[in-house]
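Chain order of the listed sequences is X and A.
For what it's worth, the working numbering labels the leading residue of the first sequence as 1, then goes sequentially.
For what it's worth, the working numbering labels the leading residue of the second sequence as 1, then goes sequentially.
A portion of the hints provided could be inaccurate.
What the hints assert, rightly or not - Taking lysine-lysine pairs in the DSS-like style, the calculated list, with each CA pair at most 27 Å apart, reads:
#1 K17/X <-> K47/A
#2 K62/X <-> K17/X
#3 K21/X <-> K58/A
#4 K72/A <-> K167/X
#5 K143/X <-> K167/X
#6 K167/X <-> K58/A
#7 K72/A <-> K58/A
#8 K62/X <-> K72/A
#9 K47/A <-> K163/X
#10 K47/A <-> K94/X
#11 K143/X <-> K72/A
#12 K17/X <-> K96/X
#13 K62/X <-> K37/X
#14 K47/A <-> K96/X
To be verified - So these bits of chain A aren't anywhere near chain X, every CB distance computed over 12 Å:
#15 Q14
#16 L17
#17 A24
#18 L46
Quick caveat, the hints were computed from the structure, so don't treat them as lab data.
We treat Cβ as the ideally placed atom computed from N, Cα and C, and that holds for glycine.
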Amino acid sequence: MPSNLNHSSLEDPALVKAAQKGDMLAFEELVARHRDKIYARCYTMMHSEDAALDVSQEAWVKAWQRLAQFQGDSTFTTWITRITINVCLDQLRKNKRQRAESIEELNEEAGGVERLMPVVTVNPTERLERGELRQKIDAALGKLSDEHRTVLVLHEFQEMEYKEIAKTVGCSIGTVMSRLFYARRKLAALLAELRNAE
Amino acid sequence: MIFGMNEELHIKLQAFLDGELPEAEAREVGSLIASDADAAALHRELKQTRAALAGFEKRITVPETREFYWSKIAREIAREAAPRVADPQHSVFSFWRRLFPVAGVVAALLAALVVINRYDPRSPVGIEVAQADSDAFTYRDYEAGTTLVWLSYPAENGLAQENTAGKIN
């Protein structure tokens with residue numbers, strides 16, 4: 001639909017309204033504004049730049065298709081981020097079906113591994129610069145299984161409560177708590193390892 | 001070390017940290033942390049890990065230009081919006097396509113019938129009828145110097161085509 005609007009000067013709600021009427025340029029402006037944030041969230045969940053690129057674009061396509069359902073109860077960013085998380089979860093499930101689970105993952109799922117890890121007594125992130133810390137956290141997140149990273153990301157970065165995570169991921173609250181506990185303990189150990197390796 | 005604590009307590013410590021425990025339980029766990037060194041150590045570790053993550057999601061930007069990134073989205077939107085072409089497997093044509101092999105067999109039978117009707121056992125002249133495989137049926141009349149080949153269509157394999165090429169004079 002041709003439009004004479006100056007899209008870059010419009011706020012998100014106005015762009016959403018225009019896009020809901022079929023204005024693709026308005027939607028393109030929304031994509032341009034939020035694409036980095038969406039891509040970053042995809043990257044955190046998928047831990048692969050290629051996969052993040054694919055799923056982020058898929059999320060935008062889904063957002064366009066469901067735009068009529070957006071009633072403005074939350075911000076557009078919250079809404080598109082939710083769609084993105086669901087697309088990431090779908091992709092992670094597909095990936096999981098395609099690969100055999102490793103013994104390590106089976107152990108993690110069974111629980112108990114985290115209880116054998118000694119408590120990290122020194123703060124592993126102390127005296128690290130922000131950029132350095134971000135890199136170390138990224139590396140440590142990459143070593144977690146998809147299931148544990150997902151729960152951690154949803155809790156720490158998406159700030160979801162246990163119940164909400166359980167609903168989103170499709171598991172029990174008990175599983176969420178157990179995965180989160182493992183993920184945190186493993187992350188603490190990995191960060192300590194990374195610090196000691198220097 | 002945390003071996004002395006059971007799994008339920010670990011989870012409760014974490015729920016306490018995340019503010020997910022009911023008030024009464026939260027008070028109990030708070031007292032435990034104050035009195036038990038193992039519980040306090042684990043609580044501290046969980047707290048440090050949570051603090052380390054806060055605000056430290058990797059800052060990463062799309063490694064493509066705005067135009068290129070958008071072009072792929074726009075293309076996919078257009079593709080999804082386009083009316084879907086009927087699945088060829090379920091189209092009307094597929095019905096007729098399935099009839100082709102049957103038509104080939106019928107043609108072969110007709111040819112055989114013609115050969116039988118024209119066959120004269122007294123004649124020394126050779127007439128050869130051969131079904132090389134399920135895809136080709138050959139009728140050769142040496143006297144008339146003609147060769148007819150019926151092919152079922154589509155040919156199922158390259159063999160039928162080779163045979164056909166070899167027998168036509």
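The hints, checked one at a time:
1. K17/X <-> K47/A: 42 Å, violated
2. K62/X <-> K17/X: 17 Å, holds
3. K21/X <-> K58/A: Violated, because 35 Å separates the two Cα atoms, which is more than 27 Å.
4. K72/A <-> K167/X: Distance ~31 Å between K72/A and K167/X Cα, so the pair is violated.
5. K143/X <-> K167/X: Holds. K143/X to K167/X sits at ~25 Å (cutoff 27 Å).
6. K167/X <-> K58/A: 25 Å, holds
7. K72/A <-> K58/A: 24 Å, holds
8. K62/X <-> K72/A: The hint holds at about 13 Å.
9. K47/A <-> K163/X: Between K47/A and K163/X the Cα gap is close to 21 Å, so the pair holds against 27 Å.
10. K47/A <-> K94/X: 33 Å, violated
11. K143/X <-> K72/A: With a Cα-Cα distance of about 31 Å, the restraint between K143/X and K72/A is violated, given a limit of 27 Å.
12. K17/X <-> K96/X: 38 Å, violated
13. K62/X <-> K37/X: 17 Å, holds
14. K47/A <-> K96/X: Not OK: K47/A and K96/X at ~31 Å, beyond 27 Å, violated.
15. Q14: Answer for Q14/A: violated, closest chain X Cβ roughly 5 Å.
16. L17: 9 Å, violated
17. A24: A24/A clear of chain X: closest Cβ-Cβ about 18 Å, beyond 12 Å.
18. L46: It is violated; L46/A is separated from chain X by about 6 Å at its closest Cβ, not greater than 12 Å.
Checked against the numbered hints given earlier, this structure breaks hints 1, 3, 4, 10, 11, 12, 14, 15, 16 and 18; the rest are met.
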